[in-house]
Amino acid sequence: MTLEITGGLEFAVVATKKPRWTRRYAEGAVTFGCPVRTSDRTPRVWSGRGLGLPEEELPELAAQLRRVMKHETYWLARASCPDRRAGDAARWSPGRYDDEDGFVYFAGPCADSDPWPGYRPSAAFTIALPHVRGLRIRVAAYLAAEPAS
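If you count the sequence shown from 1, position 121 lands on 121 in the numbering used here, and the numbers rise without skipping.
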């Protein structure tokens with residue numbers, strides 16, 4: 001018995017799924033977009049004060065932060081930053097898990113376009129490039145402290 005596979009080009013091309021994260025660099029900052037999220041799992045931002053993410057998203061965010069730190073733009077922004085401590089983990093609080101919503105919150109220099117107080121769902125958030133390292137340290141520490149499931 002022989003199996004014959006037929007079909008055109010549309011079957012030969014691997015279908016790509018929408019990315020879970022997007023990154024855009026501009027003016028010394030990186031903006032993370034979150035295009036594929038339900039409204040209850042959209043990141044929460046308190047502009048100028050912090051960021052909240054679903055706990056299951058943290059490994060992907062850690063990978064995104066690692067990619068940002070490999071980008072030339074990150075290193076140029078870090079070198080030109082007058083505050084030599086901008087990349088310190090102390091700029092961000094340790095992750096705090098909220099068992100009511102399953103989010104982990106990090107207080108720190110994160111921004112979005114909403115000036116109102118409180119954590120609000122946001123499809124995109126911005127972090128100044130020199131502050132990326134500190135958030136990466138805090139996310140990694142949170143993930144390392146989590147017991148293996």
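Treat the hints with care, since some could be wrong.
[To be verified] Pairwise CB distance ranges (calculated): (1) 121 x 72: 14 to 22 angstroms; (2) 76 x 96: 13 to 21 angstroms; (3) 56 x 82: 17 to 25 angstroms; (4) 20 x 84: 30 to 38 angstroms; (5) 89 x 59: 29 to 37 angstroms; (6) 59 x 123: 27 to 35 angstroms; (7) 89 x 39: 28 to 36 angstroms; (8) 84 x 39: 18 to 26 angstroms; (9) 28 x 116: 19 to 27 angstroms; (10) 90 x 124: 22 to 30 angstroms; (11) 101 x 70: 15 to 23 angstroms.
Hints listed in this document are in silico derivations from the structure and should not be mistaken for laboratory results.
These figures come from a predicted structure and were not determined experimentally.
Glycine included, each C-beta is placed from N, C-alpha and C at the ideal position.
Comparing the hints with the structure gives:
Range check, residue 121 to residue 72: Cβ separation about 32 angstroms, and the 14 to 22 angstroms hint is violated. One distance hint, 13 to 21 angstroms for the beta-carbon pair residue 76 and residue 96, is violated here, with the actual separation near 32 angstroms. The hint said 17 to 25 angstroms for the Cβ distance between residue 56 and residue 82, and at roughly 37 angstroms that hint is violated. Here the CB-CB span from residue 20 to residue 84 is close to 33 angstroms, well matched to the stated 30 to 38 angstroms.
A hinted range of 29 to 37 angstroms is violated for the C-beta pair residue 89 and residue 59, which are about 18 angstroms apart. For residue 59 paired with residue 123, a C-beta distance near 20 angstroms fails the hint of 27 to 35 angstroms. Restraint check, residue 89 to residue 39: a C-beta distance of roughly 31 angstroms satisfies the suggested window 28 to 36 angstroms. Under the hint 18 to 26 angstroms, the C-beta atoms of residue 84 and residue 39, about 40 angstroms apart, miss the expected range.
Distance hint for residue 28 and residue 116: a CB-CB separation of about 25 angstroms, consistent with the stated range 19 to 27 angstroms. Here the CB-CB span from residue 90 to residue 124 is close to 26 angstroms, well matched to the stated 22 to 30 angstroms. In this structure, residue 101 and residue 70 break the distance hint of 15 to 23 angstroms, their C-beta atoms being roughly 32 angstroms apart.
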